[in-house]
Amino acid sequence: MKKYGNIMYRWAQDLWPICRSLTGEGVRITLNYIQNLLPELVIHDVPTGTKAFDWEVPLEWNITDAYIADEFNTRIIDFQKNNLHIVGYSIPVDKWMYLEELEQYLFSLPQYPDAIPYVTSYYKKRWGFCLSQQQRKQLTNQNYHVVINSSLKHGVLNYGELIIPGRSKQEIFLSTYICHPSMANNELSGPVVTTALAQWLEGLGNLRYTYRIIFIPETIGSIVYLSRHLSTLKKNCIAGFVITCVGDDRAYSYMPSRHGHTLADRAAKHVLKYHTANYDTYSFLERGSDERQYCSPGVDLPVCSIMRSKYGEYPEYHTSLDDLKLVTSEGLQGGFDVLSKALMLIENNAYYKTKCLCEPQLGKRGLYPTLSQKRDKDIYDMMNILAYADGEKDLIEIAEITKQNALDCLPIIEKLIHAGLLEEIKY
Amino acid sequence: MKKYGNIMYRWAQDLWPICRSLTGEGVRITLNYIQNLLPELVIHDVPTGTKAFDWEVPLEWNITDAYIADEFNTRIIDFQKNNLHIVGYSIPVDKWMYLEELEQYLFSLPQYPDAIPYVTSYYKKRWGFCLSQQQRKQLTNQNYHVVINSSLKHGVLNYGELIIPGRSKQEIFLSTYICHPSMANNELSGPVVTTALAQWLEGLGNLRYTYRIIFIPETIGSIVYLSRHLSTLKKNCIAGFVITCVGDDRAYSYMPSRHGHTLADRAAKHVLKYHTANYDTYSFLERGSDERQYCSPGVDLPVCSIMRSKYGEYPEYHTSLDDLKLVTSEGLQGGFDVLSKALMLIENNAYYKTKCLCEPQLGKRGLYPTLSQKRDKDIYDMMNILAYADGEKDLIEIAEITKQNALDCLPIIEKLIHAGLLEEIKY
Amino acid sequence: MKKYGNIMYRWAQDLWPICRSLTGEGVRITLNYIQNLLPELVIHDVPTGTKAFDWEVPLEWNITDAYIADEFNTRIIDFQKNNLHIVGYSIPVDKWMYLEELEQYLFSLPQYPDAIPYVTSYYKKRWGFCLSQQQRKQLTNQNYHVVINSSLKHGVLNYGELIIPGRSKQEIFLSTYICHPSMANNELSGPVVTTALAQWLEGLGNLRYTYRIIFIPETIGSIVYLSRHLSTLKKNCIAGFVITCVGDDRAYSYMPSRHGHTLADRAAKHVLKYHTANYDTYSFLERGSDERQYCSPGVDLPVCSIMRSKYGEYPEYHTSLDDLKLVTSEGLQGGFDVLSKALMLIENNAYYKTKCLCEPQLGKRGLYPTLSQKRDKDIYDMMNILAYADGEKDLIEIAEITKQNALDCLPIIEKLIHAGLLEEIKY
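Residue numbers (the working numbering), protein chains in the order written: chain A, 1 to 427; chain B, 1 to 427; chain C, 1 to 427.
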């Protein structure tokens, strides 16, 4: 596997301080950074008010500064120190208020006293500050100056789209999101691993499938994207992955598609089984990212997720503790490895059929020992591929039945095709 | 749930002393009593000798008195005290005989010394007395006077039939039996719970389905009924239940249809799972009531049973100990509750489909919190219904997949339909 | 079950000393011996060089003598004492060589010091001696005289074929092999049990199916046979068994067909379940005999194996310890019994359907007790057959569902057909 861990980690460091949200300058800076790494990336603008199924693109939100200052004008809570301090999509405010009144605008987590929570209010006009329980306890009953320099205006929603063409019009779809402020596993791991996968795919060249890779704001972004590309995706997409939470090094996990039987699911489960001693399988009832849209009734794209520690399932999730200590170079590399294996498997997955009736005489081709003694596992693996290559099973099914890693079957299959004993069947 | 427990128990007390059998006055008195509660009930006569598939209606049996008296004319065993004392369908007899000869006509249960067993001989002319092992031990080697004042004559087989019309010609079928003498769980619980269900259904009004409810003698009654209505039932019946053993308060149990996959089975299992912490699942190999006919090859109606303690599986079964101490008001209410829930579920079971692509924006309809914090279970339940309402799954399947009680889904579905987000699909 | 154990054991004793291989005089002597027991057996010749799919018939190998003698001309290793001493298909040799040079031509098993291993080299010209580790240790560094009087010449491959005609053109296929020298479970048990089955089938007369029984060299023999009869077998064969390793008395085992769902598999598993308290189920991944050809993609005959201790799974396998102490009269009888039961089951397996709607009135036919008391298991078994005989299930499925031994159902089914209550459905 290509070593992308360190470079991915550096990208995450660069992207860390940017204040992203559904819309706004932070998203554009992030997409420009990625475009620098993937020059073919196209950045799209979708105007506020554009309809997308049951939704419409919201006002664009931008923020330059925000703080709570005490009577001596000392900033007690400061957006410049951590962009999580502000409730996402907060409207502008400039007011003095006593602690008692301020309380209703404050969000903290008693059970995690050091953590600043991540809170948003995209669709109802509101403002608020997030702070750690520690910070909150230090507030006293005085008059505070509350300032948010934000704007909510007609503007655009941005997303990035990269098409890497392959020999076939059939597509593999990768979707990641760029709408969270400074959080690492549940945000930056997604775009940096996706960027690395895109670079790796471009480097491979001569791809069988076309790759459609998008960097979108979660939920509204996938809904907008689907509203523009649904018929193409339904026609061409054979497998896809929502890439999220692929940066810590504590677990591997899998979120199925709605029915759990797509090619993406089969590849994900096969690859995970051979990649790690154990991984967590979640139910679609525990979904929470853009598979909510991609797998919704009538959309039904073959999309699932391969993750490290799943969103909602680790204590640092959606707080300031989901940071670049939690995400590591090794964690990101693991996310890259398992996803690249899944893509490699789908690229090479095919229906194979033996070309002769009965077992071929492997001995005369130098593929079988001439002395009748204990055969080694390699011989059995090859014989088993031939035994199940009946044109009705794809590589993943053959590998599952014969208890082999499908990726390890690839050189054997190549050898058998070369020897004229096996052929790929096109359906 | 409507409280019918006490009234059902009183009906059972009223019906207790009547000597019922396949045919005869006891059956008619019982049906008249029920007709008084359900005025639309039609009581049918089927003459002796009428053919029904492989069977024919037997002679009508009536009995006025029977006893074994000792040499001093003291009644030792007396039909007037307990109608179980006489073997059902006993021919008349009036003889003196010594104990030695009498023994072959006596039936008792050594393992239950206080219990009078229930024995019948419908299809071979015979007579006999049933008594407790205690009573039997007190018989001495003297001359006994054995009298059975019974008659076996050309007459009729009676059954009751109630049709409660609904908006659809499709039918729900309820069948219970009225052919056992004084026994409570394995007899009276069936007709009294069925009567209560019929009253409840009539009270609901505006029913979707038509309800066909019959009170028949077991086996010959269901065979006769099927011989007259099979084509209608096969065309219209979408689900049915044999209602038997629904009166004690010790267990819940389920007897599947022959293949176990009908709508009735699915509703029964779903309702039982949420109604009780655990219930006993029997195999169709352990069948014993009219599902033997309803599920026979070529008949194949979608009929199963939801019971309290199943026939044949409790020690008092088919003895005088199956009495109105065993059956309780609470037990009957539990039987009523679980069956009425199953009927309610079938009434409301339908195929649903979301009306927009992707998740709808619930927030703008006040159905979703505007602040991105922990959602409660209600929100997830609603989202999960929307996620699986793809027009290919009925409510029971959606509820099973999303791990909800389908009956709890009904108000959510109503809300979603009202909001224009969901529709029922007719097939 | 017919007692064939002792006679099978005597046949095995007679066949023991013969030096069999893929081809040659030993195979012909063996087939002639079997022809003596089965006069209708036809012995076929297939010339060297005949093409069969990816293979061709090899040169015919014969051997008259072979030994390693010391400087005093004393035979240290002597083919006359045990034909396993020579590597199968060894080319002729007559040389003096020191132990150091000889070593590369010697095969022994350090882990089984008393066992002479069985080694062959059919498709690469080679020579070699097999000996026990004990014998090997006694060799000293002297000059040995190595002699193999063998020939490898244009000749024939022989196999035996017996067709026992039945009322139907549909066939049951039995295949066993006659290509191993003196080994008992993994060779002689196969042909002797197959011979006994053939005699038994001939004795039964009036068979429903035609039986095709072949005695072939393993691998090349089945490939040659398939190359001549594939279309007939694919058209007519409804079930088959590779008969091998059916002679020891330590275990029963089952090797499925490639997909494991054929009639042969279903019969094998049903019969084994009732024949023995437990048996070993292997995976097709552990295959090793002619099912490798019969179940290969495109051939796909419904063939599996019922065995005693499976090849490769017992310590004596492919050594001189697999002898007539390991195989016993009782072991062979067990192999015969379970295979003859499987054949009997397939002969009698059919789709049955009840002839009346609802349960028939068994009482009037004397098939049901007239008094309503505890029924015995026989009655339930009969009722259960009637309940599941819907014309869509064959006997094996009915027996599996109703938890009965299908062979025990046969007299019940006969009784029901005789009573006009059941009929066989032809598809």
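Treat the hints with care, as some may be off.
Copies of the same chain are indistinguishable here, so a pair counts whether it falls within one copy or spans any two.
[As the list claims (entries may be wrong)] Lysine to any residue pairs mimicking SDA-like chemistry, simulated, CA-CA at most 25 Å apart:
1. Lys137 with Thr232
2. Lys377 with Asn278
3. Lys355 with Glu424
4. Lys377 with Asp280
5. Lys95 with Tyr351
6. Lys426 with Asp70
7. Lys153 with Leu230
8. Lys125 with Ser151
9. Lys169 with Trp96
10. Lys235 with Glu392
11. Lys393 with Gly260
12. Lys2 with Cys356
13. Lys3 with Pro47
These aren't lab readings, by the way, just hints derived from the structure by calculation.
Review point. Between the shortest in-copy and the shortest cross-copy C-alpha distance, which are at most 25 Å for Lys2 and Cys356: within, between, both, or neither?
Key: neither (38 Å within a copy, 42 Å between copies)
Check your understanding: Can you tell me if Lys393 and Gly260 fall within 25 Å by alpha carbon in one copy, between copies, both or neither?
Key -> both (18 Å within a copy, 16 Å between copies)
Check your understanding: With identical chains treated as interchangeable, where does the CA-CA distance between Lys426 and Asp70 reach 25 Å or less: within a copy, between copies, both, or neither?
Key -> Cα proximity of Lys426 and Asp70: none, with 72 Å in one copy and 64 Å across.
**Study point:** Copy assignment of Lys137 with Thr232, given that the CA separation must stay at most 25 Å
**Key:** The answer is neither: 54 Å in one copy and 75 Å across copies each exceed 25 Å.
Exercise for review: Classify it for me, Lys3 with Pro47: is the Cα-Cα distance of at most 25 Å met within a copy, between copies, both or neither?
Suggested key: neither (39 Å within a copy, 60 Å between copies)
Practice item. Evaluate Lys235 and Glu392 at a C-alpha cut-off of 25 Å and name the case that applies: within, between, both or neither. Key: Classified as both: same-chain Cα gap 23 Å, cross-chain 21 Å, threshold 25 Å.
Check your understanding: Should Lys125 paired with Ser151 be assigned to within, between, both, or neither, using CA atoms and 25 Å as the limit?
Key -> Within. Shortest intra-copy distance 12 Å satisfies the 25 Å Cα cut-off; inter-copy 88 Å does not.
**Study point:** Alpha-carbon proximity context of Lys355 and Glu424, limit 25 Å
**Key:** Within one copy only: 10 Å inside, 42 Å across.
**Study point:** Alpha-carbon proximity context of Lys95 and Tyr351, limit 25 Å
**Key:** Neither: 68 Å inside a chain and 54 Å across chains, both beyond 25 Å.
Check your understanding: Should Lys377 paired with Asp280 be assigned to within, between, both, or neither, using CA atoms and 25 Å as the limit?
Key -> between (30 Å within a copy, 22 Å between copies)
**Study point:** Identical-chain pair category, Lys377 with Asn278, by Cα at 25 Å
**Key:** Close inside one copy (24 Å), not across copies (29 Å); limit 25 Å.
**Study point:** Within, between, both or neither: Lys153, Leu230 at alpha-carbon 25 Å
**Key:** The answer is neither: 29 Å in one copy and 70 Å across copies each exceed 25 Å.
Violation of the numbered hints given earlier is confined to hints 1, 5, 6, 7, 9, 12, 13; the remaining hints are satisfied by the structure.
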